[in-house]
Amino acid sequence: MATIEQPLPTVAKSDSRLTFRQRTALRHTLIHLFLIAGVVVMFIPLAWTLSTSLKSPGEVYLFPPTWIPKEILWSNYAKAVTAIPFFRYLWNTSYITLVSIAGKVISITLVAFSFARLNWRGRDAVFLLMLSTMMLPPHITLIPQFILFKYWGWIDTFWPLIVPTFFGGPWLTFLVRQYFMTLPRELDDAARIDGCSSFGVYSRIIMPMAKPAILIVIIYVFNGTWNEFLLPLIFLHSPSNFTLALGLRMFQGESSTSWNLLMAASLLTMLPVIILFFFSQRHFIQGIVFTGVKA
Amino acid sequence: MQQEKLTRRAFLRSSAAAAAALGLAACAPAQVAPSGEGGEAPAAEAATLIFVCDTINEGHVKARDKWATEFSEANPGIVVEHQPVPAGPDYTTKIQTLFAAGTPPDMYRYLQENTPIITVDAKQMHMQLDDYIARDSYDLTDFRPDAVELYRWNGKTYALPRDYGNQNLYYNVDLLEAEGLEPPPPDWNDTDFTFEVFLDMVQRLTKKEGDRTTQWGFLVNRGQRPYASWLYSNGGALVHKNEQGVATESAMADPATVEAMQFLQDLMYTHEVSPRPDLESELGGVELFATGRVAIMLTNPSDVNRFRVIEAFTWDVGTIPLGKAERRGTGGGGTGWATGAATNHPDEAWAFMQHICSAQAQLDEVAAGATTPSRVSVVTSDAFLNPDLPPAHAAAFAQAQEFVVRDPVNINWPEITQRIYNPAMDLLWSGAADAATVGQKIVEESAELFAAGMG
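Protein chains in written order, with this note's numbering: chain H, 221 to 515; chain F, 761 to 1215.
Okay, chain H solo, but in the shape it has when bound:
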């Protein structure tokens, strides 16, 4: 009792140590400071892009460099979208991207369903064969593809960029197949007992449960198609058919680059990707966890 009634030692102890709440607050503060520092570091390239996009051509080369332009030139954005037919390229890119997403989602889920949920002779061998095509660098097939598409009259059209997306792709097919494998088999059995066909199982049972996997496919295909450079370079000839990735390169000359205009156009090009990330970051991070790799 006497010990309990003597507050002094206790007070002294609490003076030297932080309470649990204080410790938590301190830990959170430190974590947030660390994260804020990380955000600042990660934001520097974007801030530099923004800063450069508002400078005059001469100020781009000033040393020491200026973060805030002497004269803020919003007109660079107007120049950037008129120096190249930006909105035409935006339309072309959006068009190709959306159709590619549709193509990939349909084909990949169908093929993955077949590999994951149906039993057919040679399935595993075909699956291995499909995986082995990942070893083939895309550049190897470029010229044969070009000759084929030329024969079909597809050069300088969007066909070479969108039709192949309706034939899936090994990496994402593998990914979705793995996801489908995790779904309980009993669901298929129950559906079949109720009279569902294989396509019914795919469309009414598996697909509704595959939303996370489909979203990951959409994010991957969106990023890949939006930023694709090589295929548009090879298959598209007319400037009116160019995509944004191709159009942005027009600001880069043989020995000089219109950095301010390039940065302005790049920021505008990045916007849809950034917006997509903000709206789907939960799934994006889920995707990283799910696949174990970064996009």
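Read the hints as simulated data drawn from the structure, not as lab findings. Nothing here was measured: the structure is a model prediction, and the numbers come from that model. C-beta: ideal position from N, C-alpha, C; glycine also. Hints are not guaranteed to be accurate.
What the hints assert, rightly or not - DSS-like mimics (lysine-lysine), calculated; alpha carbons at most 30 Å apart, straight line:
no., chain 1, residue 1, chain 2, residue 2
1, H, Lys370, F, Lys1084
2, F, Lys916, F, Lys967
3, F, Lys826, H, Lys299
What the hints assert, rightly or not - Take a look, some chain H residues computed to stay more than 12 Å from chain F by CB distance:
no., residue
4, Leu255
5, Ile256
6, Val280
7, Ala303
8, Leu351
9, Ser352
10, Gln365
11, Leu368
12, Thr402
13, Phe442
14, Leu450
15, His457
16, Leu466
17, Gly473
18, Val493
19, Arg502
Dock chain F against chain H, hints included.
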């Protein structure tokens, strides 16, 4: 809940929408397909020339659009379709794909450093121009004779010269004046501006604060044509040639070559007047000169546009120093206009080639900058030597054309460069090996490829 969100009907609807989108995709390109002008004669009657060129800058793209338009208007039976392609390796990739697929352009900018003329001849890639030149008595006398020779092999002409580039020293006038230094002379026949004078100059231009260099005297340009210019000016060479001009073996172990290479390495590691490659990568290459942290650099005339836009930056050009050679030499050669041999419209292509090789067309390119015209009348014109715009001594570009040493001619030269010269030279630039070791390594490793590529 999730199951209810995507019903079979909804899936079928989505699929139908996707199919419709695909159908629409088929329509989109059809809208941009070449067609006759609204309601006029069918397009099939017109010969369409595909004109592919890399984007040197926006001005050049506009100049080519202008050529295509004015030529099409002047020749009702011919439509020129200008297809700009991003510059650099992307352009090479595109051109190589077009040739490999058997669909070369009717007109394109031919880069002889990527596809040696001996390869063009061996594979019959380009349309021969000699019959046309003879038929029309086409006047070649205004072109630099060496520039025309670049595109001739085995007595056949495979292209006409568009430009004829070279390497010159670019220097920051203010930094040299602050040090009380005489600038590099613009006269390529000068004999006083030697390697030794240059070394003293760049040493005086190099400033340090403690161990940190705040200003470098010189930026070593590690590109092949730039470094080769030092070899040529010291009496060395990249390769040995036979009487036909074919590169037979590497000359990188020759004493004069080794001495010049060692001079360049010493600028970085012994004299410490040039940033090392790692620092250069970190701080920027040409930007170091553009921002006044490097006083002198060696590059070609196409960089002029880059520096002209920088405010409060006074710069000029002069000749490369003279080493032990009797006369200077500069890597270069420029580019040409060529027609793919598989063209369906050779006559029309020749007519268009004459149009874009005219003095007026070269003046159009001069207005866009970043070029050294191949026509003497244009490279010495007021338009090119414009005294109102820097550099003040642009005449050095014109005179340097007389000192150009053409790129080595060997079928395997691009491969030899990429597989052997470049990796070995990286050892020199990184300080991992001295010039003699690097030179010997190149000679030994390249011998087989040189022998196999002599045609």
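Hints versus structure:
1. Restraint check for Lys370/H and Lys1084/F: the C-alpha separation of about 55 Å exceeds 30 Å, so the hint is violated.
2. Taking the CA atoms of Lys916/F and Lys967/F, the gap is near 54 Å; set against the 30 Å cutoff, the hint is violated.
3. Distance restraint check for Lys826/F and Lys299/H: the Cα-Cα separation of roughly 21 Å lies within the 30 Å cut-off, and the hinted pair is therefore satisfied.
4. Even its closest Cβ contact with chain F, about 27 Å, leaves Leu255/H beyond 12 Å, as expected for a residue assigned away from the interface.
5. The non-interface label for Ile256/H is consistent with chain F: the shortest C-beta to C-beta separation is roughly 26 Å, beyond 12 Å.
6. Distance to chain F contradicts Val280/H as a non-interface residue, since its nearest Cβ pair spans about 8 Å, not more than 12 Å.
7. The claim that Ala303/H lies off the interface is violated: its Cβ sits roughly 6 Å from the closest Cβ of chain F, which falls inside the 12 Å cut-off.
8. Even its closest Cβ contact with chain F, about 26 Å, leaves Leu351/H beyond 12 Å, as expected for a residue assigned away from the interface.
9. Every beta carbon of chain F lies more than 12 Å from that of Ser352/H, the smallest distance being close to 25 Å; the non-interface claim holds.
10. For Gln365/H, the shortest C-beta to C-beta distance to chain F comes to about 9 Å, within the 12 Å cut-off, and the non-interface label is violated.
11. Not every beta carbon of chain F lies more than 12 Å from that of Leu368/H, the smallest distance being close to 10 Å; the non-interface claim is violated.
12. Every CB of chain F lies more than 12 Å from the CB of Thr402/H, the least distance being 15 Å, so the non-interface label holds.
13. Every Cβ of chain F is farther than 12 Å from the Cβ of Phe442/H; the closest lies at roughly 15 Å, confirming the non-interface assignment.
14. The Cβ of Leu450/H does not lie farther than 12 Å from every Cβ of chain F; its closest approach is about 8 Å, which violates its non-interface assignment.
15. The Cβ of His457/H does not lie farther than 12 Å from every Cβ of chain F; its closest approach is about 5 Å, which violates its non-interface assignment.
16. Distance check on Leu466/H: its Cβ comes as close as 7 Å (rounded) to a Cβ of chain F, failing to clear the 12 Å threshold; non-interface status is violated.
17. With a least beta-carbon separation of about 4 Å from chain F, Gly473/H fails to lie farther than 12 Å from that chain, contradicting its non-interface assignment.
18. With a least CB separation of 21 Å from chain F, Val493/H remains clear of the 12 Å interface cut-off, as annotated.
19. Distance check for Arg502/H against chain F: the nearest CB is about 16 Å away, which clears 12 Å, and the non-interface claim stands.
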